Amino acid sequence: MDFVILSLVMLAIGIYGLLTNRQLLKVFISIELIATAATLNFVMLASSMGQGLGQAFMILAFSTDTAVSAVILALLVIVSKKYGTSNISEILKTQEKTESEAEA
Amino acid sequence: MILEILSVGLLVSACLALFLDEVVYSVAALAGTFLFTALLYLVNGAVYAAIFQFAVGVGTLAVLFLSGEMLSDKSSKKTSPKKLGTLLGAGVILSVPAIFLSVSGSTGTYSSASFGDALWNLSGVDVILQALVILTVALGIAIILYERRSGEK
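Protein chains in written order, with our numbering: chain A, 5 to 108; chain Y, 273 to 425.
So here's chain Y without its partners, still in its complex pose:
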């Protein structure tokens, strides 16, 4: 029962995040989406994934709140209660197929590996990930410098 409630909450908050008129409320709904996803992971036994989703989600949302305030149009219209009700209804209706239908085939036998073993086996990928982070930082610095240079001109 709890999985069904979480999946309904996930899809409702996803609909609200996309179609609310106020950007800050959209970001708040996205926070709900991240929270419901983390809870789904937790209930399904993926504890590390839940903690990571929660930690990264908080960071992403903090930045999104700031940029949402910067980018939002102050004179934008507000969401009407009718639209809010429609969005909530759409979210609930969209979650019905996930609750009542099934496409999963027969389950075979799988070799199970623990999270620690899997992370150790993937340690080679970590190098690529570090390179990506360095590349991102370099790109961010390049963007800031480019903006300053064009501002000086």
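Chain A with its partners taken away, still in its complex shape:
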């Protein structure tokens, strides 16, 4: 059982989801998965070496991640309220349409 490969696979799943999903919330879930993969690798390596430092760093990293998540979620709600959709392609289309109307 190798946790380096496990977290690498999880990171790959997160990046693939980040690149392919067009829903804002799914993009957010992908970011959460990438962060979880990074902390998983860190904690598992540290605990296999018998160090408590990995857990301490994980707590700090996870606190930061949660704070960032709160801001991202607030922005997601505002953007989806403003454009009436949570699909990135539709948001971009609406934005381009608005810009072309403003120029004309």
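Keep in mind that the hints were calculated from the coordinates and are not lab data.
Fair warning: this is a prediction, and the values are worked out from it, not measured in the lab.
Keep in mind that the hints are not guaranteed to be accurate.
[Said to hold, decoys possible] Pairs of lysine-lysine residues, derived as DSSO-like cross-links and limited to a Cα-Cα distance of at most 30 angstroms, are as follows:
id, chain 1, residue 1, chain 2, residue 2
1, A, Lys86, Y, Lys350
2, Y, Lys349, A, Lys101
3, A, Lys97, Y, Lys355
4, A, Lys85, A, Lys97
5, A, Lys97, Y, Lys350
6, A, Lys101, A, Lys85
7, A, Lys97, A, Lys86
8, A, Lys86, A, Lys101
9, A, Lys86, Y, Lys349
10, A, Lys97, Y, Lys349
11, Y, Lys350, A, Lys85
12, A, Lys85, Y, Lys349
Here the structure of chain A is known, so what remains is to put chain Y in place on it, guided by the hints.
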């Protein structure tokens, strides 16, 4: 054996979280991902990390459920059983390299520090963390005020 089962569950729930069509089910699968991660920490002896992962995960998921309900399109299509089976299979296949391959090198000697000592040594970082939390709160308030102001206009 239990580590292998947990790693399969972790990757399957990660696949489901990303590729299920219903947002609320995706968030439920993400809850599974957090739970399996916490159990992996617990089995590997990182008890504090497991408790923290579980506690923070519950809070994040509560907010995600709410925003998932707000943002989800009510007329969205449902996941077909075929797609569900494909996702489960993909999760199991992806966990095979982690179970059977190894990239870890030889283990050297490391100075071990307890969790309490490590946390005490990192107490300086706590100041930065508190500043970050205050900054986040300020940013959140600014976003809410901006939205109200644009709503009034």
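Hint by hint, here is what the structure shows:
1. Proximity of lysine 86/A to lysine 350/Y is assessed by CA-CA distance (about 26 angstroms); at most 30 angstroms being required, the pair is judged to hold.
2. With a C-alpha separation of about 27 angstroms, the suggested pairing of lysine 349/Y with lysine 101/A holds against the 30 angstroms cut-off.
3. Using a Cα cut-off of 30 angstroms, the hinted pair lysine 97/A and lysine 355/Y holds, with the two alpha carbons roughly 29 angstroms apart.
4. For a cut-off of 30 angstroms, the pair hint linking lysine 85/A to lysine 97/A stands: about 16 angstroms separates their Cα positions.
5. Proximity of lysine 97/A to lysine 350/Y is assessed by CA-CA distance (about 25 angstroms); at most 30 angstroms being required, the pair is judged to hold.
6. Straight-line distance between C-alpha atoms of lysine 101/A and lysine 85/A comes to about 18 angstroms, which keeps the hinted pair within the 30 angstroms bound.
7. Between lysine 97/A and lysine 86/A, the direct Cα distance comes to roughly 14 angstroms. Compliance with the 30 angstroms bound is thereby established for this hinted pair.
8. Taken as a hint, the lysine 86/A and lysine 101/A pair is honoured in the structure, with Cα atoms around 14 angstroms apart against an allowance of 30 angstroms.
9. The straight-line distance between the Cα atoms of lysine 86/A and lysine 349/Y is roughly 24 angstroms, inside the 30 angstroms bound, and the hint therefore holds.
10. Proximity of lysine 97/A to lysine 349/Y is assessed by CA-CA distance (about 22 angstroms); at most 30 angstroms being required, the pair is judged to hold.
11. Proximity of lysine 350/Y to lysine 85/A is assessed by CA-CA distance (about 23 angstroms); at most 30 angstroms being required, the pair is judged to hold.
12. The straight-line distance between the Cα atoms of lysine 85/A and lysine 349/Y is roughly 21 angstroms, inside the 30 angstroms bound, and the hint therefore holds.
Figure legend: structure checked against the earlier numbered hints; every hint is met.
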